[in-house]
Amino acid sequence: MFTRKSSVRVAVSASVAALVLAGCSSATDSSSSSSESDGAPGEGTTAVGFIMVGPKDDFGYNQAVYEGSEVIKEAFPDVEVLTAENVPEDDTAATTMEQMIDKGAKLIFATSYGHLDAALKVAEEHPDVVVVQQGNTITTDIPDNAGTYFGTVYEPMYLAGIAAGASTESNKLGYVYAFPIPQTIANINAFERGAQSVNPDVETITVSTSSWCDPGKQQAAAESLLSQGVDVLTQHQDCTSTVIQAAEKAGAMTVGYHADASSLAPEGWLTGAVWDWGPLYTDIVQTVIDGDFVGSEYNDNFRVGYKTGTNPFVLAPYGPDVTDETIAAIDEAQALLGTDEGSPFVGPVLDQDGDTVIEDGVVPTYAENDAMDFFVQGVVGNLAQ
Amino acid sequence: MSTVQTAAPVALRWVGALAAALVIFSILLMTKGANPIDAYQGMWQSTFQRSRSIEEIFIQMSPLVLGALAVAVPARAGLTNVGGEGQIIIGAVAACGMFLLLGDGASGGLILVAMLVASVVAGALWAGLAAALRLVAGVNEAISTLLLNFVALDVLLFLIYQPWRESPVGQPATRELVDVAKLPVISGTKVHIGIVVAVVMVVVVHLLINRTRWGFRISVAGGNSEAARRSGLKVSMLVLSALMIGGALAGLAGMIHFAGVEYKLRPGFGSQLGYTSFLACWMARHQPFPILVAAFVFASLSVAGDSLQLDSGLPAASVNVLTALILIAVLGFTTMRKKANA
Numbered sequence: 001m002f003t004r005k006s007s008v009r010v011a012v013s014a015s016v017a018a019l020v021l022a023g024c025s026s027a028t029d030s031s032s033s034s035s036e037s038d039g040a041p042g043e044g045t046t047a048v049g050f051i052m053v054g055p056k057d058d059f060g061y062n063q064a065v066y067e068g069s070e071v072i073k074e075a076f077p078d079v080e081v082l083t084a085e086n087v088p089e090d091d092t093a094a095t096t097m098e099q100m101i102d103k104g105a106k107l108i109f110a111t112s113y114g115h116l117d118a119a120l121k122v123a124e125e126h127p128d129v130v131v132v133q134q135g136n137t138i139t140t141d142i143p144d145n146a147g148t149y150f151g152t153v154y155e156p157m158y159l160a161g162i163a164a165g166a167s168t169e170s171n172k173l174g175y176v177y178a179f180p181i182p183q184t185i186a187n188i189n190a191f192e193r194g195a196q197s198v199n200p201d202v203e204t205i206t207v208s209t210s211s212w213c214d215p216g217k218q219q220a221a222a223e224s225l226l227s228q229g230v231d232v233l234t235q236h237q238d239c240t241s242t243v244i245q246a247a248e249k250a251g252a253m254t255v256g257y258h259a260d261a262s263s264l265a266p267e268g269w270l271t272g273a274v275w276d277w278g279p280l281y282t283d284i285v286q287t288v289i290d291g292d293f294v295g296s297e298y299n300d301n302f303r304v305g306y307k308t309g310t311n312p313f314v315l316a317p318y319g320p321d322v323t324d325e326t327i328a329a330i331d332e333a334q335a336l337l338g339t340d341e342g343s344p345f346v347g348p349v350l351d352q353d354g355d356t357v358i359e360d361g362v363v364p365t366y367a368e369n370d371a372m373d374f375f376v377q378g379v380v381g382n383l384a385q
Numbered sequence: 001m002s003t004v005q006t007a008a009p010v011a012l013r014w015v016g017a018l019a020a021a022l023v024i025f026s027i028l029l030m031t032k033g034a035n036p037i038d039a040y041q042g043m044w045q046s047t048f049q050r051s052r053s054i055e056e057i058f059i060q061m062s063p064l065v066l067g068a069l070a071v072a073v074p075a076r077a078g079l080t081n082v083g084g085e086g087q088i089i090i091g092a093v094a095a096c097g098m099f100l101l102l103g104d105g106a107s108g109g110l111i112l113v114a115m116l117v118a119s120v121v122a123g124a125l126w127a128g129l130a131a132a133l134r135l136v137a138g139v140n141e142a143i144s145t146l147l148l149n150f151v152a153l154d155v156l157l158f159l160i161y162q163p164w165r166e167s168p169v170g171q172p173a174t175r176e177l178v179d180v181a182k183l184p185v186i187s188g189t190k191v192h193i194g195i196v197v198a199v200v201m202v203v204v205v206h207l208l209i210n211r212t213r214w215g216f217r218i219s220v221a222g223g224n225s226e227a228a229r230r231s232g233l234k235v236s237m238l239v240l241s242a243l244m245i246g247g248a249l250a251g252l253a254g255m256i257h258f259a260g261v262e263y264k265l266r267p268g269f270g271s272q273l274g275y276t277s278f279l280a281c282w283m284a285r286h287q288p289f290p291i292l293v294a295a296f297v298f299a300s301l302s303v304a305g306d307s308l309q310l311d312s313g314l315p316a317a318s319v320n321v322l323t324a325l326i327l328i329a330v331l332g333f334t335t336m337r338k339k340a341n342a
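If you read the sequences in order, they're chains A and B. Counting along the first sequence from 1, when you hit position 298 you're at 298 in my numbering, and nothing is skipped either side. Counting along the second sequence from 1, when you hit position 259 you're at 259 in my numbering, and nothing is skipped either side.
Calculated from the structure, these hints are not laboratory results. None of the hints are false.
No farther apart than 27 Å at their CA atoms in a straight line, the calculated lysine-lysine pairs in the DSS-like style are these:
| no. | chain 1 | residue 1 | chain 2 | residue 2 |
| --- | --- | --- | --- | --- |
| 1 | A | 217 | A | 249 |
| 2 | A | 217 | B | 264 |
| 3 | A | 172 | A | 249 |
| 4 | A | 73 | B | 32 |
| 5 | B | 32 | A | 103 |
| 6 | B | 264 | A | 121 |
| 7 | A | 103 | A | 121 |
| 8 | A | 172 | A | 217 |
| 9 | A | 103 | B | 190 |
| 10 | A | 121 | B | 190 |
| 11 | B | 190 | B | 264 |
| 12 | A | 73 | A | 103 |
Work the whole structure out from these sequences, hints included.
What follows is the structure in structure tokens.
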């Protein structure tokens with residue numbers, strides 16, 4: 001009996017396999033690009049999709065995105081807003097975007113740095129759909145229906161560094177980060193340079209977690225930094241509460257990221273870089289609906305900052321220990337960052353080995369800062385390359 | 001007992017279990033303010049009435065089938081292989097290493113075969129570490145295979161952060177496979193041939209554990225190792241080989257996922273594949289053919305997860321709740337069956 005049953009199964013499976021094999025061919029002949037469209041990519045779209053790498057209530061990056069998408073809902077009542085959270089930074093992201101396109105979305109915000117590969121793949125397959133990516137940089141030719149956008153988050157991190165440098169007693173600041181990507185490197189460097197501007201002896205010790213949100217690793221990283229005598233913790237993570245709570249519990253100070261988390265650290269909160277995507281998202285959606293995306297500033301690696309006056313990243317409210325003197329120094333620095341001469345990276349900038357990377361007096365552009373691949377002097381940590 | 005008589009109740013129990021899980025999940029949906037009927041309708045339409053989704057199910061199924069077989073073979077020898085996660089990563093790492101070594105020069109067929117062999121060997125050796133630890137130091141393989149997952153992840157991270165990193169600017173990842181090193185797809189679809197490999201391996205594993213002397217011996221060793229030893233079987237070799245074959249299958253799963261879907265190694269490569277496969281194998285009670293069904297169910301759920309978010313506005317974790325409910329319901333019903341037959 002057993003034998004007969006399994007022989008049948010084997011026979012069935014084998015024939016299925018044979019059928020499928022018979023249908024095999026090479027990968028090249030199947031990539032047919034879909035949909036020819038009359039209008040401009042994304043024009044008149046009735047739905048907009050947002051994919052997020054983490055949960056939409058993470059006290060951080062994804063929450064800021066989600067709040068931005070809520071602004072779109074209000075600003076465009078006729079447009080359906082589709083959101084998907086916990087979308088990983090691999091090919092699954094393309095699958096989710098495809099589902100959104102099937103539901104009518106002709107504009108998709110792929111909001112995590114690592115969504116870029118999938119975003120470009122989807123853009124290539126759907127010329128009538130606009131895909132914009134948040135935070136990464138397209139280094140190849142930019143297709144007509146794609147672009148990236150971001151603010152210069154290292155500018156407020158520079159200002160927050162001033163608060164940290166003025167407040168530290170151990171002269172050791174701690175930085176928990178995810179990946180050594182230019183955006184993060186610029187943040188860390190700006191933070192250290194901000195701190196150095198008021199406290200030349202200060203150093204920033206870095207730990208990477210290789211994940212945008214892994215509370216277990218964040219806890220371990222925070223504890224490791226605190227045990228080395230760090231008394232101000234900050235981070236580049238998507239979900240921020242774990243590190244902030246670890247700092248508060250240990251009596252250390254904290255600089256927040258993405259969201260105002262002063263409620264989590266009433267004692268140790270200094271300030272932080274907080275995100276307000278609403279106005280930028282609204283303008284992108286309007287541009288796409290009007291059919292004006294191609295050739296617009298968003299059909300590019302679009303960057304805003306204090307110099308352009310529309311940075312979506314602003315400084316969070318100050319905590320109790322930040323002195324008026326420090327606040328005055330921050331205000332002054334912020335005003336300078338808005339001018340042509342201002343930058344967190346006005347030369348001379350030395351790398352960890354003491355070699356000059358940016359010459360004396362040189363003010364690097366936003367684009368140059370977006371390609372930063374070295375730690376400045378004063379940052380402790382090995383930048384794997 | 002006749003085949004026909006047992007087959008029908010088994011199918012009925014599966015249907016009953018799935019229905020029970022869906023009913024319980026409906027309650028959860030209602031507490032979240034969603035209409036269960038609309039939610040299920042949305043899931044059904046976006047999963048089974050959309051050709052792209054059906055293709056996606058078969059794509060996601062392939063590594064799950066192989067990963068589950070990687071649990072099933074050692075299970076026959078009484079071993080618990082929780083190391084699929086790491087073996088999948090190591091298989092993909094070996095495939096990627098082979099690609100980087102051969103570069104762009106090799107022709108299509110050759111480079112794929114080389115990558116495949118590398119992944120199988122690497123997966124087997126990685127699992128062999130756990131087998132060796134068990135034989136030499138008496139370390140339980142459930143622990144060692146699990147812990148080796150973390151080592152495998154660190155190996156992956158080291159490689160993509162340093163020697164294999166595509167560019168110092170940008171998220172750590174290897175460079176993309178050239179076209180000839182990507183798995184071909186089944187014509188007219190986007191499904192790569194990994195599903196064919198998976199189905200073939202189900203048949204092979206079925207024959208291996210049910211039709212060969214080796215298959216009989218590992219089940220004897222798994223049933224009662226002392227009895228096996230006294231009847232002259234080399235239990236240590238059986239343990240080693242069963243776990244290594246498991247590792248080889250998981251390594252193959254890694255290669256399929258890498259060369260069929262991802263094309264690049266990234267920090268989260270294959271995340272949760274091994275653990276999901278482990279659950280799929282338990283759901284199929286370690287039997288090769290039911291593994292196909294279980295993997296199909298898990299892959300469908302994964303694809304349906306998007307619909308729960310996009311159509312019903314539910315949190316991303318909802319689909320995990322549904323998956324867990326289905327798993328518990330199915331396992332619960334199969335346990336009942338065992339008692340009834342005893």
